Amino acid sequence: MLRELSPFNRRPCVLVWSIVAAVMILRCPTALSQTAALGLMNQSHLAYYYAGDGGHARVNMILSDGRGRTQTREFWIARRDIADMGDQNYYTYFLKPADVARTALVIHKKAQANDDRWLYVPALDLVKRIAADDRRASFVGSDFTYEDISGRLPSLDKHEAIGPDSALGRAATKVKSTPVNPKTADYAWRVTWVDVDSKLPLREEYYDARGTLQRRFEITKIETIEGIPTATERTMTNLQSGHSTTIRFTDVTYKPDLKAEDFNERLLKNPPAAFTR
Amino acid sequence: MRQARSWNRLCGLALGLTLLCLHPTGASSQPIFSGYVEAVQAMRVEQNVALYDGTNFFDREFPRSEMRSQLSLWESKDRGDFFISLDLRRDVRQYHQLTSVDLREAYIGVGITKRLDLKVGRQVATWGTGDFIFVNDLFAKDWEAFFTGLDDAYLKLPQELVRITLSEPKLTIDAALSPRATQDHLSDGERISIDYTGTGASRQEVSIAPPYRSPQAFARVAGSAGVSEWAFYGYWGHWPVPKGAREESNSPYFLDLYYPELAAVGASVRFPLGPYLNHAEFAYYASLDDPRGADPLIANSQIRGFVGTEKSLGHEWTVGAQYYAEWMLDYDLYRTGIPAGFPVFNELRSTVTLRVEKLAAHQNLHLSAFGFWGITDQDYHLRPAISYKITDAVGWTVGASVVGGNKPYTTFGQFRHNSNVFTRLRYSF
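Each protein sequence line maps, in turn, to chains A and B. In terms of the working numbering, the numbers along the first sequence are unbroken and rise by one, the last being 277. In terms of the working numbering, the numbers along the second sequence are unbroken and rise by one, the last being 429.
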């Protein structure tokens with residue numbers, strides 16, 4: 001008892017606690033900003049990929065090789081969320097180019113597993129399931145990957161707020177995101193300009209391990225549709241090749257006609273009447 | 001055969017015109033007109049004496065040399081749709097038909113309820129899990145198109161069907177009935193040669209009697225369990241290829257072939273496992289004209305099946321492989337009864353396939369290679385192709401169809417000496 005109260009025994013204790021306190025004081029701002037940054041990226045992910053419970057839009061996609069050659073894709077895209085930040089079902093119905101008209105794609109996006117994808121080829125009446133472990137593959141040849149279209153979970157990256165800035169004439173918070181497992185991403189880190197108001201990712205820059213800017217994503221038009229701020233014009237530019245892809249959304253609605261269980265073989269073969277007008 | 005085909009075409013056209021007149025009116029979309037114009041040229045890389053009919057060589061150099069155009073019209077409504085598609089073809093080299101108009105498809109689709117669909121008319125139908133291997137898909141196919149450089153879509157022949165589909169969230173029931181059978185198109189013996197009998201008899205020396213007035217019935221029940229898909233299939237009709245021979249005493253032909261009756265049941269599964277997308281399928285073929293296998297000139301009952309897998313390797317590379325086997329039942333009877341001069345097949349015959357695909361240049365460049373290797377029969381068929389989209393509308397394809405085998409009567413061996421290289425230039429609108 002006496003020995004426990006002796007100052008000789010107390011001294012190491014005080015020392016340890018002082019060190020712990022010092023470390024905490026030093027670490028706290030970072031720890032706090034990381035949590036806040038993850039929270040912000042989660043909000044941004046919800047605003048961009050999970051707006052409403054789903055909906056549909058007509059999409060015009062222009063691929064430009066930077067040397068004057070352009071290609072066009074036109075399709076309808078429909079989405080239905082199963083859970084926020086969780087699984088989602090997607091449906092794409094192609095209108096152009098002519099050789100893929102009436103082709104359809106159904107994706108069951110899994111937040112925690114590989115997606116399931118099915119393609120319908122009308123000339124053969126063929127429903128083909130596609131091997132889909134590669135979310136980084138290009139979506140229909142564009143500069144957008146499947147992951148860019150359907151989202152990458154914020155929890156797969158470490159986030160750090162690196163200060164206020166602006167983009168598209170709007171106040172934004174800059175967040176640096178580094179993949180927890182480098183093998184899961186094509187970039188070493190990326191910087192996102194998150195809109196302070198709408199939480200939409202106004203701009204994103206993807207860097208490789210050498211610090212070279214590889215790709216840049218930009219929202220160029222935001223419209224409020226059914227009360228929801230919506231990025232109706234977006235561009236992804238590959239700064240290495242000069243190739244870029246611009247997507248324009250029209251006929252956007254967040255009132256989904258399709259239920260989660262409708263994203264099946266019948267939908268692949270029978271497009272909703274609204275998409276064929 | 002030729003007459004039969006024109007009859008087919010006439011019937012189809014008549015049906016198409018009827019549908020066109022009958023098609024329901026009311027609030028609907030703008031009709032969508034689309035199609036393409038295409039030049040196809042296939043050139044032999046080996047001489048083929050089998051295309052000599054005693055007087056003439058058929059066009060030895062070019063198994064296919066034609067301009068073709070497809071014109072399609074599609075109109076969709078709230079409760080259904082209407083589709084018509086015509087193939088106009090002009091042979092640039094000789095063949096018996098210089099210009100032809102084929103009705104590719106003409107059907108009306110009606111959504112009877114939200115879950116029940118009816119599709120009536122001339123249409124293409126496909127099911128099953130195989131990659132260029134068909135076990136439960138007994139819908140008609142055009143192997144001549146497959147071997148002479150046409151787009152893969154032409155492997156499927158349209159047929160007149162009444163098709164009813166019931167779609168529940170996790171279950172699909174599909175039934176199709178054809179009032180008259182459509183068989184596979186193998187060869188007229190002009191574009192490519194075929195040894196139907198395995199005896200060396202040319203196409204001109206055999207007669208083939210198709211069962212035109214016979215109906216065909218197809219059925220499928222398919223569903224999903226988690227990420228896996230399963231299906232059961234049924235078929236009743238005739239063999240899709242002439243698997244039977246009759247002895248006709250006063251026939252001028254060396255052999256009179258026909259399509260014996262066939263019933264088939266089978267099942268398939270498709271499921272992902274890690275990065276692999278796997279499939280397996282089997283079917284029992286009951287050869288109804290020779291149920292005990294007593295007649296060696298009619299195909300015996302069989303069990304057919306395959307397993308396969310596919311994997312995406314990243315960077316737009318995809319590979320796939322399949323193992324296929326065909327097991328002849330009542331083999332002993334077949335073996336003892338087979339007449340001299342006729343080929344003898346093995347009891348178990350297996351084939352492997354391999355597919356390698358690569359997309360590049362924003363998916364404008366598509367490289368693909370598909371190969372069949374008959375392990376038992378020692379035959380093969382290779383299909384390398386390169387496609388490039390010059391613009392959204394113009395696509396160019398160069399490829400080859402290499403086919404051969406040690407024996408002249410096996411699946412691919414019967415098509416040997418027909419290897420060719422081909423090119424297609426297509427403008428789509």
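Simulated from the structure, these hints should not be mistaken for laboratory data. The structure presented is a predicted model; accordingly, all values stated were derived computationally and were not measured. Beta carbons: idealized from backbone N, C-alpha and C, even for Gly. Keep in mind that the hints are not guaranteed to be accurate.
[To be verified] Here are the computed distance ranges between Cβ atoms for each label pair:
1. A:L156 - B:A225: 49 to 59 Å
2. A:D65 - B:A321: 34 to 44 Å
3. B:V352 - A:I228: 24 to 34 Å
4. B:R335 - A:A111: 50 to 60 Å
5. B:E347 - A:M85: 25 to 35 Å
6. B:R246 - A:R277: 50 to 60 Å
[Said to hold, decoys possible] Here are the computed lysine-lysine pairs in the BS3-like style, where the Cα-Cα straight-line distance is at most 30 Å:
7. A:K128 - B:K170
8. B:K77 - A:K269
9. A:K255 - A:K221
10. A:K128 - B:K358
11. A:K259 - B:K407
12. A:K255 - B:K77
13. B:K311 - B:K358
14. A:K158 - A:K269
15. A:K158 - A:K128
Hints, verified against the model:
Range check, L156 of chain A to A225 of chain B: about 29 Å between beta-carbon atoms, so the 49 to 59 Å window is missed. Remark: the range hint 34 to 44 Å for D65 of chain A to A321 of chain B is upheld by a beta-carbon distance near 35 Å. At about 53 Å, the CB distance of V352 of chain B to I228 of chain A disagrees with the hint of 24 to 34 Å. Separation of R335 of chain B from A111 of chain A is about 58 Å and conforms to the stated range, judged on CB atoms against 50 to 60 Å.
A beta carbon spacing of about 57 Å between E347 of chain B and M85 of chain A contradicts the range 25 to 35 Å that was offered as a hint. Distance hint check: the CB atoms of R246 of chain B and R277 of chain A are about 56 Å apart, consistent with the given range 50 to 60 Å. For the suggested pair K128 of chain A and K170 of chain B, the alpha carbons sit about 17 Å apart, so the restraint of at most 30 Å is met. With a C-alpha separation of about 14 Å, the suggested pair K77 of chain B and K269 of chain A falls inside the 30 Å cut-off, and the hint holds.
For the hint linking K255 of chain A to K221 of chain A, the alpha-carbon distance of about 21 Å falls within 30 Å, and the restraint holds. In summary, the hint linking K128 of chain A to K358 of chain B is supported, as the alpha carbons are separated by about 17 Å, within the 30 Å threshold. Simply put, K259 of chain A and K407 of chain B have alpha-carbon atoms about 56 Å apart, too far for the 30 Å limit, and the pair is violated. The suggested pairing of K255 of chain A with K77 of chain B holds, with an alpha-carbon distance near 21 Å, which does not exceed 30 Å.
For the suggested pair K311 of chain B and K358 of chain B, the alpha carbons sit about 12 Å apart, so the restraint of at most 30 Å is met. Using a Cα cut-off of 30 Å, the hinted pair K158 of chain A and K269 of chain A is violated, with the two alpha carbons roughly 41 Å apart. At most 30 Å may separate the alpha-carbon atoms for a hinted pair to count; K158 of chain A and K128 of chain A exceed this at roughly 37 Å.
In this structure, the earlier hints numbered 1, 3, 5, 11, 14, 15 are contradicted, and the remaining ones agree with it.
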